[in-house]
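Q: Letter by letter, the chains look like this.
There are 2 protein chains.
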Amino acid sequence: MKSEIIAVGSEMLTPFRQDTNSLYITERLNALGIIVTFKTIVGDRQKDLVSAIRTALGRVDILILMGGLGPTEDDLTREAVAEALSLTLRRDASQVAALHARAASWRITMPQNNLKQADVIAGATLLPNANGTAPGQWLDIAFSSYRKLIALLPGPPSECRPLFDAECLPRLRSAAPPRHIAVRTLKAAMIPESQADKLLAPIYTTYADVETTLLAHTGDLQITLICSKPDADSAQQRVDELAGRIEETLEDWIYSSEGDSLEQIVLYHLELRQATLAIAESCTGGLVAQRLTSVAGASRSFLGGMVVYSDALKTTLAGVPAELIAEQGAVSAPVAKALAQGIRGRTGATIGVGITGIAGPSGATENKPVGLVHIAICDPQGCDTVERTFRGDRQRIREWAAQQALDLIRRRLI
Amino acid sequence: MKSEIIAVGSEMLTPFRQDTNSLYITERLNALGIIVTFKTIVGDRQKDLVSAIRTALGRVDILILMGGLGPTEDDLTREAVAEALSLTLRRDASQVAALHARAASWRITMPQNNLKQADVIAGATLLPNANGTAPGQWLDIAFSSYRKLIALLPGPPSECRPLFDAECLPRLRSAAPPRHIAVRTLKAAMIPESQADKLLAPIYTTYADVETTLLAHTGDLQITLICSKPDADSAQQRVDELAGRIEETLEDWIYSSEGDSLEQIVLYHLELRQATLAIAESCTGGLVAQRLTSVAGASRSFLGGMVVYSDALKTTLAGVPAELIAEQGAVSAPVAKALAQGIRGRTGATIGVGITGIAGPSGATENKPVGLVHIAICDPQGCDTVERTFRGDRQRIREWAAQQALDLIRRRLI
Chain A
1 MKSEIIAVGS EMLTPFRQDT NSLYITERLN ALGIIVTFKT IVGDRQKDLV
51 SAIRTALGRV DILILMGGLG PTEDDLTREA VAEALSLTLR RDASQVAALH
101 ARAASWRITM PQNNLKQADV IAGATLLPNA NGTAPGQWLD IAFSSYRKLI
151 ALLPGPPSEC RPLFDAECLP RLRSAAPPRH IAVRTLKAAM IPESQADKLL
201 APIYTTYADV ETTLLAHTGD LQITLICSKP DADSAQQRVD ELAGRIEETL
251 EDWIYSSEGD SLEQIVLYHL ELRQATLAIA ESCTGGLVAQ RLTSVAGASR
301 SFLGGMVVYS DALKTTLAGV PAELIAEQGA VSAPVAKALA QGIRGRTGAT
351 IGVGITGIAG PSGATENKPV GLVHIAICDP QGCDTVERTF RGDRQRIREW
401 AAQQALDLIR RRLI
Chain B
1 MKSEIIAVGS EMLTPFRQDT NSLYITERLN ALGIIVTFKT IVGDRQKDLV
51 SAIRTALGRV DILILMGGLG PTEDDLTREA VAEALSLTLR RDASQVAALH
101 ARAASWRITM PQNNLKQADV IAGATLLPNA NGTAPGQWLD IAFSSYRKLI
151 ALLPGPPSEC RPLFDAECLP RLRSAAPPRH IAVRTLKAAM IPESQADKLL
201 APIYTTYADV ETTLLAHTGD LQITLICSKP DADSAQQRVD ELAGRIEETL
251 EDWIYSSEGD SLEQIVLYHL ELRQATLAIA ESCTGGLVAQ RLTSVAGASR
301 SFLGGMVVYS DALKTTLAGV PAELIAEQGA VSAPVAKALA QGIRGRTGAT
351 IGVGITGIAG PSGATENKPV GLVHIAICDP QGCDTVERTF RGDRQRIREW
401 AAQQALDLIR RRLI
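Line order of the protein sequences matches chains A and B.
Residue numbering for the first sequence follows the working numbering, beginning at 1 and increasing consecutively.
Residue numbering for the second sequence follows the working numbering, beginning at 1 and increasing consecutively.
Source of the hints: derived by calculation from the structure; they are not laboratory data.
Take these hints with a grain of salt, some might be off.
One copy or two, either will do: identical chains are not told apart, so a pair holds if it fits within one copy or between any two.
Think about it this way: if two alpha-carbon atoms lie no more than 27 Å apart in a straight line, the pair counts; the simulated DSSO-like pairs of lysine-lysine are [what the hints assert, rightly or not]: (1) Lys148 - Lys116; (2) Lys368 - Lys2; (3) Lys2 - Lys229; (4) Lys229 - Lys47; (5) Lys2 - Lys148; (6) Lys47 - Lys368; (7) Lys368 - Lys229; (8) Lys47 - Lys198; (9) Lys47 - Lys148.
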């Protein structure tokens with residue numbers, strides 16, 4: 001079955017805001033074997049909305065509308081769906097009572113406008129919204145003699161998503177033909193996308209029944225495999241077989257075959273080895289620490305670290321000799337190593353990491369370009385240093401450096 | 001004039017990837033007084049593309065298509081536009097020569113498929129692409145007796161955006177009626193969106209000629225004012241007048257009236273006062289340091305800091321007495337204060353900040369819920385501590401805490 005998602009709201013036609021609910025809902029629809037063939041973003045104008053709804057009903061079986069169910073004059077989704085289908089709206093007495101009760105409990109006078117939220121399209125089922133005032137609506141109707149399923153959902157993610165899961169998923173599951181979808185997500189670090197595709201395309205193109213998607217972002221490559229079959233076992237078998245061949249091909253570029261993040265994998269290996277980690281960051285300014293501590297339970301293996309942004313702090317906090325900085329420059333392999341040793345010594349961590357580089361846009365010298373990064377990793381067996389030059393703006397260079405540091409830690413642990 | 005943006009590519013109909021070019025292009029279009037009334041995302045299927053193009057030409061004057069210009073069989077935008085307009089494609093000899101020359105310079109044999117990129121829609125102008133192989137195309141045609149402007153742009157942001165700026169902007173500027181757009185962006189910290197709107201709605205609704213947009217994200221509120229007039233001065237005057245009234249109303253909630261980020265403003269005030277800053281972070285795990293160091297030139301005022309995630313490091317690195325942690329718990333006002341004093345003492349910074357909290361999901365105790373955060377800020381005049389309880393998941397609690405810490409530093413400095 002084909003579906004279209006329409007996100008309603010003029011703010012999503014500005015340079016400042018983007019629909020994100022549709023990514024969530026697409027994942028849920030795909031899991032039922034329902035593909036999304038169009039997404040449309042439309043503003044708060046009834047004429048435009050009616051046009052978008054009619055266009056959608058002409059090309060898909062399932063239409064998910066998000067937004068435009070609030071109490072203001074700009075909230076027009078109910079009216080537009082009714083107009084597009086030539087149906088009437090009726091004001092639901094129990095909804096009116098619920099709105100009054102809620103206003104009373106908040107000790108506020110209910111603005112007249114709020115009653116709009118009690119308007120129900122003829123034939124629609126109201127979908128209770130546990131997280132807001134506007135209920136959703138569900139229509140299962142014939143349109144030009146085809147069956148169409150239409151959901152009206154509130155726009156705020158905290159209302160839209162749970163309401164979709166609770167009310168729409170079960171209805172869609174019983175409407176869609178039974179399909180079994182197997183999904184695997186492999187993750188690889190620091191391999192160029194073109195190189196990965198060159199290695200993998202000859203393999204995955206022979207699996208026509210598995211949809212393979214490669215997505216790359218600053219040194220992180222996500223490979224998603226999706227297979228839909230009438231029975232679950234054969235879908236899973238195909239996906240697992242292809243995943244196995246990809247793992248063989250990319251070898252230790254692959255850091256996860258279950259979709260984990262690189263920071264999760266680093267923490268997993270640390271815990272497995274009962275090792276602890278501490279980091280002294282200069283150019284990444286806390287980015288590596290921030291990624292590690294974004295994982296719940298990071299404190300079991302990640303002790304902490306330092307952001308030694310000034311040269312003085314590299315010396316006073318991390319114990320890098322001032323002469324070394326004067327001789328070699330702050331961005332140098334010896335200083336990266338001294339940072340790693342310094343943080344390891346001062347924290348008692350099994351592994352110490354030092355990162356120093358030039359994130360730009362200024363700071364380059366004749367021999368040291370913007371993007372130059374030195375990373376050192378020290379453990380009881382000794383120290384390794386790596387020099388890399390990354391391209392891009394300040395933010396990208398910092399992200400590449402953080403990714404490279406995490407991957408070095410992973411490779412040291414495996 | 002009205003425009004529609006169509007993003008072409010099946011990957012943008014998966015849960016994994018989203019169109020972002022359209023935000024960039026919307027900003028550029030708006031600056032010419034051209035509004036975006038629809039955005040459509042469509043996959044790599046010619047039938048769907050033709051349908052989307054025809055629908056768009058029925059409702060807007062300007063159509064911007066992005067993606068589907070590459071060399072593979074999935075790249076169908078040229079073919080679809082030609083079909084939708086009943087125009088032919090011809091293979092451009094000079095483009096073919098250019099593709100061969102490029103392949104030769106790379107010492108590769110050119111795959112036959114690549115020649116698709118030399119196909120030009122009858123009547124289209126080729127738009128040179130300095131950053132890739134596929135040129136863009138521009139059509140200025142009559143469709144159902146209306147003038148329509150159509151741009152075909154490559155999908156990769158690094159090609160799409162410069163090509164749009166170099167080739168489409170000048171053409172659109174001469175086609176659109178002259179308009180002058182004034183824009184101001186105000187930023188406020190830690191004010192609830194509903195409270196801001198309650199205060200501001202009575203004001204901005206009286207400026208019907210200024211489009212006011214409020215966007216809130218974890219304690220950061222962006223207020224954008226856009227006014228379009230035939231002459232530049234009166235547009236600017238209206239925007240400035242409204243900006244002035246908003247600043248008066250929100251007072252010191254406002255941290256920037258020129259769209260700067262909170263970290264930029266903190267660094268600006270530090271530099272103005274020739275003060276330096278150092279931070280000891282526990283629950284935010286480097287997030288505050290990472291935000292500050294994302295600003296170029298941060299090193300002039302931000303010395304660095306510590307990520308003292310384990311209790312032991314709070315003592316050994318930041319000098320928090322172990323007994324204090326044992327008595328008060330690591331998440332407590334006295335420990336936040338000791339962190340701030342410790343980092344200040346060890347780095348010699350003018351201002352020291354300590355942050356400790358429970359980001360969750362575990363770690364709560366009977367008296368200390370998930371979301372509880374203590375922040376302390378110390379300078380030569382003394383220390384302040386603040387206790388807040390934030391709601392949301394781990395990531396949101398960390399983001400709220402980082403935003404609160406930066407806002408406290410700002411307020412201490414102004």
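Q: If a hint holds in the structure, say so; if it doesn't, say that too.
A: Here is how each hint holds up against the structure:
1. In this homomeric assembly, lysine 148 and lysine 116 come within 27 Å of each other (Cα to Cα) only inside a single copy, at 25 Å, whereas the closest approach across copies is 38 Å.
2. Within a single copy, lysine 368 and lysine 2 get their C-alpha atoms no closer than 54 Å, and across copies no closer than 49 Å, so neither meets the 27 Å cut-off.
3. Only within a single protomer do lysine 2 and lysine 229 lie at most 27 Å apart by alpha-carbon distance; the minimum there is 17 Å, versus 44 Å between protomers.
4. When the C-alpha separation of lysine 229 and lysine 47 is checked against a cutoff of 27 Å, the pair qualifies only between copies, where the shortest distance is 25 Å, while the shortest distance within a copy is 41 Å.
5. When the C-alpha separation of lysine 2 and lysine 148 is checked against a cutoff of 27 Å, the pair qualifies only within one copy, where the shortest distance is 10 Å, while the shortest distance between copies is 30 Å.
6. In the homo-oligomer, the alpha carbons of lysine 47 and lysine 368 never lie at most 27 Å apart, since the shortest distance is 58 Å inside one protomer and 52 Å across protomers.
7. Taking the shortest Cα distances, lysine 368 and lysine 229 never come within 27 Å of each other, neither inside one copy (55 Å) nor across copies (49 Å).
8. Taking CA atoms no more than 27 Å apart as the test, lysine 47 paired with lysine 198 passes in neither setting, with 48 Å inside one copy and 29 Å between copies.
9. For the identical chains of this complex, lysine 47 and lysine 148 are neighbours both inside a copy (21 Å) and across copies (21 Å), given an alpha-carbon limit of 27 Å.
Hints 2, 6, 7, 8 from the earlier list are contradicted by this structure; the remaining hints agree with it.
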